[in-house]
Structure formats: structure tokens, C-alpha cells
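Those sequence lines, one after another, are chains A and B.
In terms of my numbering, the first sequence opens at residue 1 and continues consecutively.
In terms of my numbering, the second sequence opens at residue 1 and continues consecutively.
Do not rely on the hints blindly, as some may be mistaken.
Stated by the list, open to error - Dumping the calculated PhoX-like pairs for lysine-lysine here, alpha-carbon to alpha-carbon at most 20 Å: (1) K91(B) / K123(B); (2) K65(B) / K91(B); (3) K190(B) / K168(B); (4) K184(B) / K52(A); (5) K190(B) / K52(A); (6) K52(A) / K148(B); (7) K133(B) / K148(B); (8) K168(B) / K52(A).
Said to hold, decoys possible - Derived list of chain B stretches under chain A, where covered just means 3 residues or more per stretch with a C-beta under 8 Å from a C-beta of chain A: (9) 10-23; (10) 55-69; (11) 121-129; (12) 232-240.
Source of the hints: derived by calculation from the structure; they are not laboratory data.
Ideal placement from N, C-alpha and C gives every residue a C-beta, glycine not left out.
One-letter residues, chain by chain:
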Amino acid sequence: MHEGDGLPGFPSVDVFIYLINPQLERLRDPALELIQDTYQQLEQIAGSIVDKIF
Amino acid sequence: MAARYVGDPRTIILCVLPANADMTTSDGLQMAREMDPKGIRTIGVITKLDIMDKGTNGKRMLEGKDVSLRLGFIGIKNRSQQDIIDRIPVKQAIEKEQLYFSTHQVYSTMNQNLLGIGNLTTKLTKILFTHIKHSLPQIMQEIRAKAKETEDDLRDLGPPMPEGGGEKTQLLWNMITDFIQTYKNTISGKYDSKRQMSSQPGKAELSGGARIKMNFYNLYQEYDGFSATSEYNDMHVQKAI
């Protein structure tokens with residue numbers, strides 16, 4: 001399917017990327033979730049401080 | 001409504017009972033007994049002593065032999081309807097009452113402190129004075145606590161709104177600076193008196209920054225020791241190549 005063109009006789013780097021990509025995809029959702037959580041927490045902190053100060 | 005007033009432990013209960021009815025069945029006395037079981041703040045006033053059945057008298061009631069109260073009973077004789085129609089003044093009515101008790105064959109032999117509006121007035125004044133003396137420290141304490149609470153509320157409200165435009169802008173800037181400072185302190189976990197003041201004491205919870213840091217720390221914890229190649233075998237690699 002893929003043919004190496006970097007070093008003769010070695011498989012292409014695309015092979016590695018092809019294999020690792022589904023594994024890397026697994027990391028995406030928890031990271032996005034964390035960003036969302038953090039955003040909500042920062043918003044909540046800001047909200048509570050605004051309530052106290054203003 | 002009566003129950004609300006009577007339920008207050010600082011209220012003196014003036015329980016007025018007609019002498020010509022059975023006092024043990026009186027609703028007022030029953031309520032007083034319920035709210036003040038020890039009878040320490042109930043004073044019994046027995047009226048209509050002059051219109052009791054002939055041959056009966058209120059001596060037992062007045063001496064607390066039927067129902068006992070710590071503050072005791074006082075017997076009085078108010079103006080009758082005829083007296084009111086005849087426009088007899090209160091002063092004269094009190095004199096008539098004194099005459100009634102001093103000439104009555106039973107009441108005249110009794111302790112005179114248990115009879116008459118005059119004695120009731122004196123007794124109530126004494127009770128009220130003692131009551132105030134006992135309750136005042138507690139009331140003052142309550143007032144101090146309330147004043148402190150109100151001062152705290154006032155401080156939480158912040159400085160008053162200034163009149164001038166420039167001062168308003170200044171106030172707004174100060175508030176924004178305060179907001180930024182407090183926000184930064186919350187994230188970095190620095191001590192901030194403004195933040196501490198309004199947080200609930202004893203409630204152990206992480207500050208904003210620490211909570212976020214913990215979330216980051218927990219990210220990918222489940223992947224610790226995970227091997228990305230464990231799901232692949234030679235066939236997969238061959239196929240990919």
C-alpha cells in the first residue's frame with residue numbers, strides 16, 4: 001500500500017503515521033473535554049469574583 | 001397569632017380568667033401551660049369575682065390551690081356594664097373595688113396583696129423590671145451580633161456611589177483593578193483577604209488555580225502504562241506496508 005522513498009529498502013514514514021493516527025485520535029476527546037472544563041471553571045471563578053466586587 | 005407571642009420565652013403571659021367559670025378548662029390557661037410548662041412567666045388574673053355564684057368564692061384559685069403558678073394569681077373586680085353606662089371613672093371604680101374586697105366576708109380575711117388592680121399594677125411593674133434585668137444582657141448580645149452582621153453586609157456592599165463623573169470612573173477603575181487582582185490571586189493561589197472574607201469558613205475546597213492544575217494532572221492518567229502498539233500484530237504492519 002505504502003512504499004518507502006526515504007531510504008531504499010525501508011518502509012515509508014507514512015506507514016508509521018497510518019498506524020499511530022488512530023491511537024493519537026483517542027487523546028483528542030479528553031483534551032477537548034479538559035479545555036471545556038477549564039473554561040467553565042475560569043468562567044465560574046470570574047463570575048463569583050464579579051458578584052463580590054461589583 | 002396569640003401562640004406566636006406566647007411562644008416567645010421573653011414574653012410575660014397575662015392569663016385573664018373569669019372567676020365564674022372553671023379555670024381548669026380555660027383555653028388561655030391551657031395555652032399558657034403548654035408554652036410555659038414551669039409557669040415561670042405566667043401571671044394569672046382572676047376577674048368577675050363579684051359575680052360568682054352565691055356561696056362560692058375564688059379563695060382557692062387566688063391562693064394557687066387549683067392551679068399553681070410561680071408568679072401567682074391576682075383577683076380583681078372591674079367596672080360592670082352598669083358602671084360603664086353610668087360613666088363611673090376608673091379612679092372611683094378602683095375605690096369601689098377596694099371597698100368590695102375589704103368588706104367581703106372571705107376576701108377581707110385573705111392576703112390583700114392578692115387582690116385589687118393596684119396590687120396587680122405593682123406586681124406587674126416588679127415582674128417587668130426583673131424580667132428586663134434578666135433579659136437585657138441577652139438582648140444586648142443579640143443587638144451586638146445583629147449590628148456586626150449588618151456592618152459586614154455593609155462592608156460587602158463596598159464604598160458608596162460617588163456623585164461626580166470623574167469619581168465614578170475612578171471607582172470603576174478601582175473595581176476593575178480589584179477584579180483583576182483577585183482573579184490573578186485565585187488562579188495563583190495567593191492569599192486574598194477579599195476572597196477569604198466571603199468564602200465559607202470550614203468549607204475545605206481547592207482554590208481555582210489548584211483545581212485546574214489537578215484537572216490537568218489527571219488528564220491521560222488512564223493511559224499511564226498504555227502501549228500504543230499492543231493492538232497491532234505483524235499482519236497489521238504488513239498490511240500497512
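Going down the list of hints, with the structure as the test:
1. Pair hint K91(B) plus K123(B) holds up; C-alpha atoms about 19 Å apart against a cutoff of 20 Å.
2. Between K65(B) and K91(B), the direct Cα distance comes to roughly 31 Å. Violation of the 20 Å bound is thereby established for this hinted pair.
3. For the hint pairing K190(B) with K168(B), the CA-to-CA distance comes to about 29 Å; that exceeds 20 Å, so the pair is violated.
4. Distance check on the hinted pair: K184(B) and K52(A) sit about 15 Å apart at the alpha-carbon level, within 20 Å; holds.
5. Distance check on the hinted pair: K190(B) and K52(A) sit about 17 Å apart at the alpha-carbon level, within 20 Å; holds.
6. Between the alpha carbons of K52(A) and K148(B) the distance comes to roughly 19 Å, so the proposed pair stays at or under 20 Å and holds.
7. Note on K133(B) and K148(B): the hinted pairing is violated, with a Cα-Cα distance of about 24 Å set against a maximum of 20 Å.
8. At most 20 Å may separate the alpha-carbon atoms for a hinted pair to count; K168(B) and K52(A) meet this at roughly 18 Å.
9. Check on the region 10-23 of chain B: 0 of its residues sit with their Cβ under 8 Å from a Cβ of chain A, so the three-residue criterion for coverage is violated.
10. Check on the region 55-69 of chain B: 0 of its residues sit with their Cβ under 8 Å from a Cβ of chain A, so the three-residue criterion for coverage is violated.
11. Counting residues of the region 121-129 of chain B whose C-beta lies closer than 8 Å to any C-beta of chain A gives 0; at least three are required, and the coverage claim is violated.
12. Beta-carbon proximity to chain A at under 8 Å applies to 5 residues in the region 232-240 of chain B; the threshold of 3 is reached and the given coverage holds.
In this structure, the earlier hints numbered 2, 3, 7, 9, 10 and 11 are contradicted, and the remaining ones agree with it.
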